[in-house]
Amino acid sequence: MSNDQSGQYELRRRTDSERFLDRAFRDLSITMASVVAVLLIGIFLFVFSGAFESIGRYGLKYLVTSEWNPVSDQYGAFNAIYGTIITSLTSICVAVPLGIGTAIVITEDILPKKIRETIGLMVELLAAIPSVVLGLWAIFVMEPFLRPIFIAVNHYFGWFPFFSTKPIGPGIMPATLILVIMILPIITSISRDSLNQVPLPLREAAYGIGATRWSAILHIILPAAISGIAGGILLALGRAMGETMAVTMIIGNSLNFNWSLFAPGNTISAMLANQFGEADGSQVSSLMYAAFVLMILTLSVNIAAQYIVKRLSLKY
Amino acid sequence: MNTSAPIENLISKEKIAIAFENVSISYGGNEAIKNLYLNFPKGKVTALIGPSGCGKSTVLRAINRMNDLIPDCKIKGRIFYEGSDLYDPNIDPVEVRRRIGMVFQQPNPFPKSIYENIAFGARINGYSGNMDKLVEKSLKKAAVWDECKDKLNKSGCSLSGGQQQRLCIARTIAIRPDIILMDEPCSALDPISTLKIEETIHELKNNYTIIIVTHNMQQAYRISDYTAFFNAENVDDGEGGKVGYLAEFNETETIFGSPKQKITKDYISGKFG
Amino acid sequence: MNQDLIYKKSIKRNIIEFLLNTIAITFTFIVVLPLVLVLFYVLIKGGEQLNFALFTQLPEPPGDDLLSAGGIGNAILGTIIVTTIASIIAIPIGVGGGIYLAEYAKGGSFSKFIRFGTNILSGIPSIIAGVFIYGTIVSTKIIFGSSFSSLAGGMALSILMLPTIIKTTDEGLKLVSDNLRKGALCVGASKFTTITSITLPTAFRPIVTGILLAVARAAGETAPLIFTALFSFYWPQGSESFLEPIASLSVLIYNFALEPYKAQNELAWAASFILIILLLFLNLLARYLNKLTIQNK
Ligand SMILES: Nc1ncnc2c1ncn2[C@@H]1O[C@H](COP(=O)(O)OP(=O)(O)O)[C@@H](O)[C@H]1O
Ligand SMILES: [Mg+2]
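Line by line, the protein sequences are chains A, B and C.
The letter at position 223 of the first sequence is residue 223 when you use this note's numbering, and the numbering goes up by one with no holes.
The letter at position 116 of the second sequence is residue 1116 when you use this note's numbering, and the numbering goes up by one with no holes.
The letter at position 175 of the third sequence is residue 2175 when you use this note's numbering, and the numbering goes up by one with no holes.
The set of hints was computed from the structure by calculation and includes no laboratory data.
Any given hint might turn out to be false.
[Unchecked claim] Which chain C residues stay away from chain A? Per the calculated CB distances, all over 10 Å, these:
{"#": "1", "residue": "Asp2004"}
{"#": "2", "residue": "Arg2013"}
{"#": "3", "residue": "Val2042"}
{"#": "4", "residue": "Phe2132"}
{"#": "5", "residue": "Phe2144"}
{"#": "6", "residue": "Glu2171"}
{"#": "7", "residue": "Ile2253"}
{"#": "8", "residue": "Ala2268"}
[As the list claims (entries may be wrong)] Footprint (simulated), chain C over chain A, 3 or more residues, beta carbon under 8 Å:
{"#": "9", "segment": "122 to 133"}
{"#": "10", "segment": "146 to 157"}
{"#": "11", "segment": "188 to 198"}
{"#": "12", "segment": "261 to 273"}
Only a predicted model underlies this, so the values are computations on that prediction, with no experimental measurement involved.
Glycine included, every Cβ here is placed at the ideal spot set by N, Cα and C.
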């Protein structure tokens, strides 16, 4: 190093090329970020414009009729919309207690730490199993195994509309169960994160006045984590509504409406997976109408999830 | 400065509420307090003083088994309460905490109404009397009734810091413990709230055994009957770790008037810590 | 010993505790059971068909009553190709978008909308991504007149990868201490230099973790591929393969699971085996990297 200080810093003024690079990099990153906006708006406009013709032709009647007839050009998606809602809501009802229970086991000290960590890892790996593999498993393992149980339920409770048909294989019930498996990891891991974020002083306050583990959990810890958990449940609901492959493979893809959970049914995404590739004419537009309904459903659930997390977390 | 021998017990005239017998506590292999022998007198206020990190909170939290919440906290030795070793495997920590209440450094009211903050603890402790009366009595004892009586349904978190801390004291009183542990209850508070809490402690003195950690020498002098001075010394683990020990324990008058150890005198006169 | 302090099994409070513990542990068992069962079946049923030909042969079109349905060589290759295409599209865009959010965004309405949009985009059903690419790319034959193609499949998958990559880049960069950033800026480094030589390298691990998770998710996706990449019974041919339909493990599983022939069904199990091994590997790798990051903090 020379001791001569002057003349060493020739670049006191940044060169034009350096300044250009700086600005270009910023503009590039803005452009990349804009892709999200363009995609989102693009998808929305695309689905809406594709559905436009059908929305005009069938209006709201499309939502409440079940006829799906490409030959006579009559379309109504009630069957698929009903299937989407019944499978996702039922699966949420089953998965919420299971998922929250598991999250409690992972975060509170009911079991030794090693076991809890293993359970946590297993839940995350469950999320990594692709839905098409779960579908395959549902077809060849789960449904045949459960069918005798379904038949027994039908035998004894057949008078109840939800159990009124004889289980023959694919149907709404096995599709719901596979959805339960698919959304459990979401509910569990989001609930676990929310429970972990409950501040230690609050736990100490509860245990410090002599609360038992479960009175602390049920009265203090769970209420404090409720915003995150509720948000997670809504995200899981959105996922269940949009889930395609496993459901398509096991729901039976029936075009006829039936109250029974043992009967084959349909969902919007299953219908799209089955028909979109080969559809033409007004069927395309009718399918896009269904896709539009699915978009609205998942969009509102997701927005509600974000809103709830923000809104409720202010309280604590 | 060696702590391996039990410090001579000067309080034989008092009944004993809690007795530490050669207790060492560590967090994941790092010792925080070692070879502690200490008898807390019953029905008195005992102050724990000492530089930060010397294990005062650790000692306090060991008394009502609050350290159970910290996964890697290990305790050796025995702590006696009414003839029972608190860390005997047959002991139910929930029962322990119902008899030994705790007020924490940061006020931590439940995110519930003021009324519920008191009623919740009483209810889970099986209180079956008149809840309204209990809430009023506890809040009065904690000297926060006047500020709360018109907004019992408001959230406990809406109170000021000092009021929150007195609410936490009221919550603890409501479960009628034998012993109240307080971990620097005034450190997050302004001087006026601090004075109010000290008044509260004076009130409580007659009915409870109180063990209080404080950083404030005047406060220790004002409110306590006995004072335990803890200090920390270096351990040769090559990592500059420190371990806490009991340096001196005596009547507060003696500790502040004529301490036996030079280090106690230095600490009290503000030479370090 | 003081009897009051002793743990008593049979008082009401402790019975309730015991019951709730039992319920929670039972629930946990029910949650992990499917994982164990699915892995078990895939490993057994797929594993027993593992042989060399599986990797070198082509699948037989269904309908032939063959003993064996051939191999899944082209599907393995196809999954790799399509996922690579998707990564090439999604990684630069995602990392770029994440850099914008973490380093340039000042909380204005544009960046708020991008953040919001990223969350919404990650909630869009994957089948809709397929429909979108089908409608804009496949049916319009906009890319050199080709319809179904690996390129279209990769694009559909990239839509699903994008939000994950943006989010993890954004979060990874936010973990970088602001002092480091200020330090660099104070010695006169430009924002470009600061980001590329200080903050990005520091946040490298969490970003790679996020990318690996996104790749793993894309590699297992089926719905966006069934009417974009379609399927093929042949090997991808040279550079033209980008413009032609291509096989993938997931679509093979879907198609062959629904065939009435046992040989095809078994090939679906074999493909599941390979796919699961691939995905578990990616996931564990991501988790391992993530753990390293946390330890270094
Ligand atoms: N939860 C914990 N995990 C690990 N180490 C801890 C924990 N709490 C306290 N310690 C350590 O134990 C020692 C004593 O801490 P503490 O009892 O809080 O001291 P004091 O209350 O006197 O300031 C300190 O060295 C501290 O770092
Ligand atoms: Mg302390």
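Practice prompt. Please name the hints from earlier in the document that this structure breaks, with their numbers sorted from lowest to highest.
Written response: 2, 3, 4, 7, 8, 10, 11
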